[in-house]
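Protein chains: 2
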Amino acid sequence: MRIIETRSAPNPRRVRIFLAEKQIAVPFEEVEIMQGELRNPEFSALNPLQRVPVLILDDGSAIAESVAICRYFEEIQPEPPLFGRGAVGRAQVEMWNRRVELGLFQAVAFVFRHLHPKMSGLELPQVSAWGEANKTKVVEMLALLDARLGEARFIAGDEFSIADITALVAVDFMRAARLRRPEGLANLERWHREVSARPSAAA
Amino acid sequence: MRIIETRSAPNPRRVRIFLAEKQIAVPFEEVEIMQGELRNPEFSALNPLQRVPVLILDDGSAIAESVAICRYFEEIQPEPPLFGRGAVGRAQVEMWNRRVELGLFQAVAFVFRHLHPKMSGLELPQVSAWGEANKTKVVEMLALLDARLGEARFIAGDEFSIADITALVAVDFMRAARLRRPEGLANLERWHREVSARPSAAA
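Going line by line, the protein sequences match chains A and B. Under the numbering used here, the residue at position 83 of the first sequence is numbered 197, and the numbers go up by one with no gaps. Under the numbering used here, the residue at position 173 of the second sequence is numbered 287, and the numbers go up by one with no gaps.
Among these hints, one or two may not hold up.
[Claimed, not checked] No farther apart than 27 Å at their CA atoms in a straight line, the calculated lysine-lysine pairs in the BS3-like style are these:
1. A/Lys136 - B/Lys249
2. B/Lys232 - A/Lys251
3. B/Lys249 - A/Lys251
4. A/Lys249 - B/Lys251
5. A/Lys232 - A/Lys251
6. B/Lys251 - B/Lys232
7. B/Lys251 - A/Lys251
8. A/Lys249 - B/Lys249
9. B/Lys232 - A/Lys232
10. B/Lys232 - A/Lys249
11. A/Lys249 - A/Lys232
12. B/Lys232 - B/Lys249
In case anyone wonders, no lab produced these hints; they're calculated from the structure. This one's a predicted model, so the numbers in the text were calculated from it and none came from an experiment.
Same shape as in the complex, but just chain A:
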């Protein structure tokens, strides 16, 4: 088993943090996004969407999509649960992970992809008005998360979950997207310090 990734990209970091929380060791293999390696036929056969990370199982089959890779490891090693406990708990983690992914992570990625000069050859077409529109979405979602983190220790509730991983990676990815965290979001800052201090954050 091995995982093909690009170390500097945000999605592979989600998987690395997830595995560190589970204390599962899997060998990683680097490919260079910027040098077009994802477009070669060998990689495209593993993931026709030409994205990292991809998990290669021992029989050679491939699982793409960060959350799908995390789901696989949750299934084979349920403890500690990072997708929630019980029917309601699992639904709450799914809800919050999706809110964070679709509302924050993706918005930060749109700002990066549609406004950063180095993405001009990869995001076709770059639509700068769409990048700008997402700056507002990022600020709104951070305010919503700040309110949530005023009522819960972690994003999905009392326990650390994949929703915290998605949010941490998204917040840290703001730097590459040239976005600053707004002032005054004390709950968000408290949470960010706490999750950044976990050993997994350095993975």
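With chain A's structure known, arrange chain B on it following the hints.
What follows is chain B alone, placed relative to chain A:
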């Protein structure tokens, strides 16, 4: 238990089809998206993102996000499994559902939201260049799914899953987005006829 929805919107249809496949009956309650009912304080307390559907549990707590609602019902009634069987099967369903949701469903939604005149007061700002860019993404993803459906009966493999539900709703939502299915995608058409003929498709 009850579900708040807007019958004409695509996301609630995903939940209705899912429940029909599981043969689970839950009362539905209609709210009007277009008349601003989602912005009132009572609804915002249930879902601060002001979207449907929302599942209200018997203790009054709310689960938003279609896939989170489906996940809840998968947990309380595992048969028939619509999120896959076993670790690899569940990872494959997650992978394909995400590919379909992020690559097709969302692209169709962007076309609708950024180009349809009736969304001008709801999607702020409408970025027409982004709507246009997503027309290309829709065509590319349909071609990828057509190739996939040349090698598998259903999108995630041999069994009907939530990935088929997401894809069916996305393909049917193309009409509202004023998009036509490209000619020549025979595998996609075969699959669309088959899943549309299931009783759940009318839910």
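These are the hints, each one checked on the structure:
no.: 1; hint: A/Lys136 - B/Lys249; in the structure: violated, 40 Å
no.: 2; hint: B/Lys232 - A/Lys251; in the structure: holds, 21 Å
no.: 3; hint: B/Lys249 - A/Lys251; in the structure: holds, 23 Å
no.: 4; hint: A/Lys249 - B/Lys251; in the structure: holds, 23 Å
no.: 5; hint: A/Lys232 - A/Lys251; in the structure: holds, 22 Å
no.: 6; hint: B/Lys251 - B/Lys232; in the structure: holds, 22 Å
no.: 7; hint: B/Lys251 - A/Lys251; in the structure: holds, 22 Å
no.: 8; hint: A/Lys249 - B/Lys249; in the structure: holds, 23 Å
no.: 9; hint: B/Lys232 - A/Lys232; in the structure: violated, 35 Å
no.: 10; hint: B/Lys232 - A/Lys249; in the structure: holds, 24 Å
no.: 11; hint: A/Lys249 - A/Lys232; in the structure: holds, 18 Å
no.: 12; hint: B/Lys232 - B/Lys249; in the structure: holds, 18 Å
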